[in-house]
Amino acid sequence: MNSEEKIIQMLEGSRQRGNRATVDEVDLLVRHLHVSRWRRRANRVANALSTLVVFLAAGLTMAWTPIPEYSSYKTSQGGSTPEADCQMLHQMIEQK
Amino acid sequence: MKRLLITLSLSLLAVTAVVLWRGWPHLFPSSEVSDLYRRYEHNNYIRATEIHDFQINDTLAVETVLLHATTDSAWYALLTDFGMPEELIEMYKSDMESFVEGENRALLKFSIDIKNTQKTLPQSDPDSRMVIGSLGKRSLCVFMTNDNYLKDKISFIKIKELEHED
Numbered sequence: 142m143n144s145e146e147k148i149i150q151m152l153e154g155s156r157q158r159g160n161r162a163t164v165d166e167v168d169l170l171v172r173h174l175h176v177s178r179w180r181r182r183a184n185r186v187a188n189a190l191s192t193l194v195v196f197l198a199a200g201l202t203m204a205w206t207p208i209p210e211y212s213s214y215k216t217s218q219g220g221s222t223p224e225a226d227c228q229m230l231h232q233m234i235e236q237k
Numbered sequence: 004m005k006r007l008l009i010t011l012s013l014s015l016l017a018v019t020a021v022v023l024w025r026g027w028p029h030l031f032p033s034s035e036v037s038d039l040y041r042r043y044e045h046n047n048y049i050r051a052t053e054i055h056d057f058q059i060n061d062t063l064a065v066e067t068v069l070l071h072a073t074t075d076s077a078w079y080a081l082l083t084d085f086g087m088p089e090e091l092i093e094m095y096k097s098d099m100e101s102f103v104e105g106e107n108r109a110l111l112k113f114s115i116d117i118k119n120t121q122k123t124l125p126q127s128d129p130d131s132r133m134v135i136g137s138l139g140k141r142s143l144c145v146f147m148t149n150d151n152y153l154k155d156k157i158s159f160i161k162i163k164e165l166e167h168e169d
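Chain order of the listed sequences is A and B.
Quick note, the first sequence lines up with residues 142 to 237 if you use the working numbering.
Quick note, the second sequence lines up with residues 4 to 169 if you use the working numbering.
Excised from the complex, chain B in its bound form:
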């Protein structure tokens, strides 16, 4: 009887520990936000969203900042902030439909310098952050990680999707 009670108590303890370990970030969410979020926090035409531990798949989680422009002009300003060349923006403005063909396709993927978002950097640089943009949705998603393994995995998911389509 004593052993049964000890076993039950230990099992209960183990279950509680697992539930707490899994739910800890949810129970006590981080209140920290990135400088990138703060930059657009008070912009009325750009909705900034910070998601901690965004689950890309069963094994990958990454901090992401989502920037969504609510107007075309705010979107072009956002693209300029992220170092998009003026010529490309003009080309995009003049022939928007061809860029957005299909179902809101995300056509942009590049790496920026987190200290100066107008500057692009190679993906392997420790200061670089991967950006994926959807022209149709007027949104940029910045993955706030300098972990090359994670960046490669995210890229790989996209490549795999392309392979499936071919």
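Just chain A, with the same shape it has in the complex:
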């Protein structure tokens, strides 16, 4: 039986006794709430870490994926390569 089930049982028992809880039952409830608070905090930290990991993965992939020099290349005749043509274009842009 886990603590939640114990608390449900306790609440049912106390209802039957006219909503009166024993000291042990109150102690169990306090301990449960205390654990829940820490669990919520741990959950929040884990959520933040997960989000960070996802963003890091996307960011690093973006940084490491090289930008292609062109998206499509079509030529009417052979005799050259996309790399040679791109290099020539760069030279034409950068030379006076």
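Honestly, the hints are just simulated from the structure, not real lab data.
C-beta: ideal position from N, C-alpha, C; glycine also.
Partner residues are not named here, just some residues of chain B that face chain A (Cβ under 7 Å, in silico):
#1 Leu13
#2 Val21
#3 His29
#4 Ile54
#5 Phe57
#6 Ser137
#7 Cys144
Calculated pairs, DSS-like style, for lysine-lysine (alpha carbon to alpha carbon, straight line, at most 30 Å):
#8 A/Lys215 x B/Lys156
#9 B/Lys122 x A/Lys215
#10 A/Lys147 x B/Lys5
#11 B/Lys112 x A/Lys215
#12 A/Lys215 x B/Lys140
#13 B/Lys140 x B/Lys112
#14 B/Lys118 x A/Lys215
#15 B/Lys156 x B/Lys112
#16 B/Lys140 x B/Lys154
#17 B/Lys156 x B/Lys122
#18 A/Lys215 x B/Lys154
#19 B/Lys140 x B/Lys96
#20 B/Lys154 x B/Lys118
Dock chain B against the given chain A, drawing on the hints supplied.
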């Protein structure tokens, strides 16, 4: 454990999305070509090349048409097609070496009307396309954009190069 699996799945999804986004044009290249390319596509003496999203630098990409004449006569015809005055072509023919001095220098830069390439237009006109030509390489490069910001940036790269040389 469940959280770890969800995180790993989401990370994998993010990485795939980024790779697809970056590589999409490469995986599915555009088959469209410009009218300018089509005009020279079947010319045996001019090699027409269309390059989509040509990366000028890390931030600038532009569609370009490269026209390369394989013979002198085709080159002069190409210059005439692009509105080069006859006198200038004659001057170029008679003193070719002085125009091509150095290492295949690109000496031409002008803006043409994309609807009528023989007509020059101011660079700011929406129908104008910037042309850079290399006399030594017998090549013209036409930047198929009417974006003035892009044209200015390309011009700026050239000016910056000149400043570095001075």
